[in-house]
Each structure stands twice: as C-alpha cells, then as structure tokens.
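Starting from the known structure of chain A, fit chain B onto it as the hints suggest.
Keeping their order, the protein sequence lines are chains A and B.
Each residue of the first sequence is one higher than the one before, counting from 0 in numbering that gives the first Met the number 0.
Each residue of the second sequence is one higher than the one before, counting from 0 in numbering that gives the first Met the number 0.
These are calculated hints, taken from the structure and not from any lab test.
Certain hints may be false.
Restricting the straight-line Cα-Cα distance to at most 20 Å, the calculated cross-link-like pairs of lysine to any residue (SDA-like) are [claimed, not checked]:
hint, chain 1, residue 1, chain 2, residue 2
1, B, 45, A, 28
2, B, 279, B, 252
3, A, 88, B, 115
4, A, 88, B, 45
Calculated Cβ distances over 12 Å to all of chain A for the following chain B residues [what the hints assert, rightly or not]:
hint, residue
5, 114
6, 232
7, 321
8, 347
9, 539
Just so it is clear, CB atoms sit at the ideal spot from N, CA and C, and this is done for glycine as well.
What follows is the residue order along each chain.
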Amino acid sequence: MSDGELYTKTFTILNELGLHARPAMLLVQAISRLNCSVQIEKEGLEADAKSIMGVLTLAAEQGSQILVRAEGPDSEKAIDAIEKLIEDKFGED
Amino acid sequence: MSSGVAIGHVRLLHVSNLEVGESVVLKQNIESEVQRFQDAVNLTGKQIEELGKRVTERGEDKALIEVLTLHLLLLEDKMIYDRTIQLIREENYGAEYALSCVLREAREKYSNLPDLFRERIKDVEDICRRIMNNLRGVQTYSLEDMDEEVVIVARDLSPSDTASMRKDKVLGFVTEAGGKTSHTAILARALEIPAVVGVSAVSRFAQENCSIILDGDSGKVILSPTSLDLKEFRNRQHLFKIRQSRLIEMSELEAVTLDGYYIELAANIEFASELEAITKYRARGVGLYRTEYLFLDRLTIPSEEEQYKHYREVAEKLAPDPVIIRTLDIGGDKFAHALESPHELNPYLGCRAIRFSLVNQTIFRTQLRAILRASTEGNLRVMYPLISGQTELLEANRLLESVKEDLRSEGVPFDEEIQVGAMIEVPSAVMVSKDLAPCIHFFSIGTNDLIQYTLAVDRGNEKIAHLYQPLHPSVLRMIAQVVHVGREHRIPVSICGEMGSDPLCALVLLALGIEKFSMAPPAIPVIKQLVRALTLVQVRDMGYELLQMPNTNQIRERVLDMLPKLFPNGESDIIENIHESSFLAGTR
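Excised from the complex, chain A in its bound form (with noise of 0.2 Å):
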C-alpha cells in the first residue's frame, strides 16, 4: 500500500433493477481505465470491479449494501465515480 492510498465507503443501491447489466457496464467503464484496483463486496461475496461478470454475479438488487474499496493512485477518483453513479441511479428513470 505505499504508491497508493486506500479508500473504502458503503453504498446502498438505489436504482429499481440494480446492479444489472446497463448498470454494471457504466461501473465498469467509468473506473476501467482507473489507475487503482477496485473490489466490491457485498454479504461476504467480493468482485473486482473492474470485470463486468464479477459484478454481475454479486446480484446487487435494490436496496442492497456494498462496500467498495479502492487501492492506487487514483482510488479516490473511483469511489467519487461510483458514488456519482449510485446517486443518479445510472440515468435509468
């Protein structure tokens, strides 16, 4: 951990249909190109945040909890990403 900081936060999905496919797709390319690692956990499961079909399979439906944590040089710019996403339920409505 010393070239990076690392930065956690809690989110809760808002949006209806949750972390789905048009979703998960906007994470993944909003932090792909990200100088950091990211992992999302959620109930004991982890995925790296950076694989679509890891991020499918955790199934976050609305209303569940993850936990991201991000690690490098630009793990705050991820966590700042995701957050904005979660908060703008990923355009959908």
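The following block gives chain B in isolation, referenced to the frame of chain A:
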C-alpha cells in the same frame, strides 16, 4: 413452417460447439498458444466493432448497440481473458479447451443468481462462441449483419435470432430443430419469410453458397437443384404470389358466412411494427399481442414509459377495434438461453408466464401500469397467460386492482372498464373453467400449449411431431367444454393458437362453436375465404358427432368426407387448401 417459396444461396449459420474435449499443448508451444488466443480475441473485437458500425449506419436499434458494447467489455473481462490465458500457461491447456473451461466456470457462477442476472450468461456464451469460431477459423455470421440476399441454414435459431433477422436480406430459412408451432416457426410466419423447420441434418448436407430451394407449403428443401427444379419452383413462386394477391384483394370483404354469421378474425402480433400487416390483411384488431418480444435482446427491461409508447401506438392505430395485450410470457422456449437454468429441468413446467410475473412483481406491476395508462387511447384489454387455477387468477387480479388504485391516487387516467381475460392453455384451467369465468371478462384458448400439455408432447421435438395432434379427441372435448362454460357465463371464448390458422382445424373449431379467432395476419385471407364459403349451421351440425369420435384419424376422415356437402358450390381451391392443410392435422 411459413408459406412461400424461397430460391437462393445457402448461408450456413454456424453454431460452434462450446463443449471441447480436453487438450494440452507442449511446454515449448505455450506462448504461441497464448498468442493464438490473443489474436482470436483481437479479431473478435474488430468484428464486433464493425458490426456496431453497420448497425449504427442503418440507424436502428439502440438496444442492439448496447448489447454489442457489453460484449466488448466481456471480451476484455479478467474472468474470461486473463483466466483463459492462466489456464493455458498453468495447466498447459489448448486455447479452445481453456476457453470452454472458463465458460463452464461462468455458468456455475451464474446458475444460482436471480433471473435478471442469470440471463446475462447468454452474452457470455455469445462472446465465447465468437472467440471459439475465430480460434477455429470459422466465420461467425449474425443475423443482423447479413449484407446480401441469402437462405439461412442452421441447426437452430433462437427467438432473438429470428426477431433480429433482416427481412430484406433473408429470403428464407431452414432449421434442424423446431416443431411446426415452435416460436421460430411462429416468428417466421409473422415476418412472412418462407421457412421449413425440423429438417434433420440439413446443416451437415448444405454447403456454403450452394443453391437451394425451399417450399414452406410442402416443407420441401432441395439442395443444388437441377435446372428443371428451378423452373418448377420459380413457377410455383409466381403462382404463390398471384394467389396471395388474389386473396388480399378478397380481404376487403367481411368474414361473414353464407347464413349471415360474422366470424371475428383478429391478429396475433409480436411487435408494434406489424401494424402494417394488420391493415394489409384486414385483421379485426389484435387477439394476442405477445409482449415478451419487447423484452428480448436487450440489457434492460423496457421502462414503463417505453412499454406505454408501444401499447399506446397499437391501441391508437387500431381503435375502436380491440387489442388484447398478453402480459409477459417468459419461459418455455422463449428466453431459452436466459432461463435455461440448471435448476429448471422442465422449463415448460417451470416458472414461466403468469408464474414468472407473480414472482417478479415489480416487472409485472410496471407492465400493468403501462397497459392501464395506454388504455385511455383505444380499446385495450389485458390477458394473463398460463393460468392454471383460480388462486393464481385472483392474485393477478388483486395486483391489477392495486395498480389501478395507485393510478387513481396519482390522478393518472385509465379505462376503468378495462376488460381482463385468462388464457386457457393448461388442462387444469379447462377443468376449473367454470370457477375462472366469474373472475374475468373473456377466455382465449391458447391451443399451442393446451395441445402440448394435454398430450404430453413437446412441440419442439420433431421425433414425436406425429403425436402433436390438434384434432385429438381430448383436445376437441376440452375446447368444447370451455365453449360451453363461456356460453353459460356469457363470456366470449376465442382461439389464439396456430390451430385456428389451419383450414381443416378452423373448420373443426367452427363446428365446436368458436366464433372468434386470432392468428398470424398472413393466415387471415385463407381462413376468411373459407368462412365466406360455408353455412355455419351446417358446420355446427357436425360438432356433436366429432366429439363422440374415438381417435384423430376418424375425426379427420369424417371432416374430409363432409367437404363436398359443406361446400356444395365446389370451391375447388378451398377444398384443396383443406386437403393440403397437413401442417397441423398431425396425421400426415
């Protein structure tokens, strides 16, 4: 099968086998094996981008572009890309075998997820298939990217394949799988593309680009035809077109029998875009709007607003004719990939149709809201699929009421008198139809499923296609029972299965007391011609006798024997149509 003659060149739609036998590579070849995999992935990426460009240029389908974007993301996903390379390097697996292992791992991970998430395994399979084709040096064609006129030959087509087929490029198609009422065949008829399904081994015999003739009426497929064949079928193609246009001209006339009974002929549709066909073939409204096709081939469930627009468009354009919207019928052979879940061994007996809607209430309520809101713009009705008993029906009605209550409290207008119906397609629903009748406004008999559930015959399995008998005495007696209950409770009973579009079966249904039909629009002219040539009272007289008969053959023979009496004016082409209407009679 779907009517018409197609003459063209074969385009084989390869479906790569994704199960690969174990293979290992020598240590010194590992890096070149990794390279081979990376090349295949890069090529796949380019192909998808090109396909995306072409789709964008055609200016259609944002949903499709989104699917392609997802596929590009999957292509570089660690769980696919990195994992395959890891298996090649650490286990010395050959690239194809490594990829097949990765897919197997993905299937396991997805198998226990809720439906909406599990469904995405279809995209993983799609992308693995494209990579696999490139590893093997086989071309991947997708039905969206056809750029010349071809006849598609495939082992099987998914409903979404068929739905995305470009009508202007695909002259016809032949598949190995699929019975006559499979959804592939139904969609082919809706798109008016000639098709023959259930032709075993055709994809092994057909060669890319060889010429081919297919005749959707006789079910004949000729590979590398002789010049004589070509001459004969060009002639048939010509005759078919003349006959079609004659029938369409006649469509102007009403569907009234010689003794003055009006028979309602409505349309089965899948997309709002089929409105054109409704006008062309003069259907009286829509008896079955299969809304599930709105939900196919996309990443998100259509929003309330999007559904509302579709429903409103159909309602507005057809008003005052009724439009019956069937709520989502997911499961069975639709969404096959999506719901091909390891824990549903029997999808047809599984969580499909109304069962799915009652479990996934958010999706159901959204659809009901969209339908109710659109109901102010025309004559919309709601219909629940696969009702098997009263409790289910009451539960669906309760949800409908609560959605109405929401709308009222929000001040959103809807048709307070909206009619609600139940599809009768499960034998149990027939047995309790008198208990269902008081809860709804109409019955619609879905013969495709009713026949398969009654006779325990999978309608997609060509090995037992001869047992799929619409004229089986059990089926006729069930239909008669529903007609009887309908009369007692004064609610209309219609037929919305393929059975109604077959002239011989239509005649039998009329004999049993059916007066409302809904079918693929192109089938309407033939049935209308039949209706206009008969005396209903005379046909009805035959009903009682048919219900006493012990087997399908006797029923069929009896009707054929009666033809000269029923059509005394000797309408030769009608009688010929009935004799030829083999496709559903089940005995030919």
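Evaluated hints:
1. B:45 - A:28: With Cα atoms ~19 Å apart, residue 45 (chain B) and residue 28 (chain A) stay inside 20 Å; holds.
2. B:279 - B:252: OK: residue 279 (chain B) and residue 252 (chain B) at ~13 Å, within 20 Å.
3. A:88 - B:115: 17 Å, holds
4. A:88 - B:45: 32 Å, violated
5. 114: 10 Å, violated
6. 232: 45 Å, holds
7. 321: Non-interface label stands for residue 321 (chain B): nearest chain A Cβ at 31 Å, farther than 12 Å.
8. 347: The claim stands: residue 347 (chain B) keeps its Cβ more than 12 Å from every Cβ of chain A (closest is about 26 Å).
9. 539: Given that every Cβ of chain A is farther than 12 Å from that of residue 539 (chain B), nearest at about 51 Å, it holds.
Hint violations for this structure: numbers 4, 5, all remaining hints satisfied.
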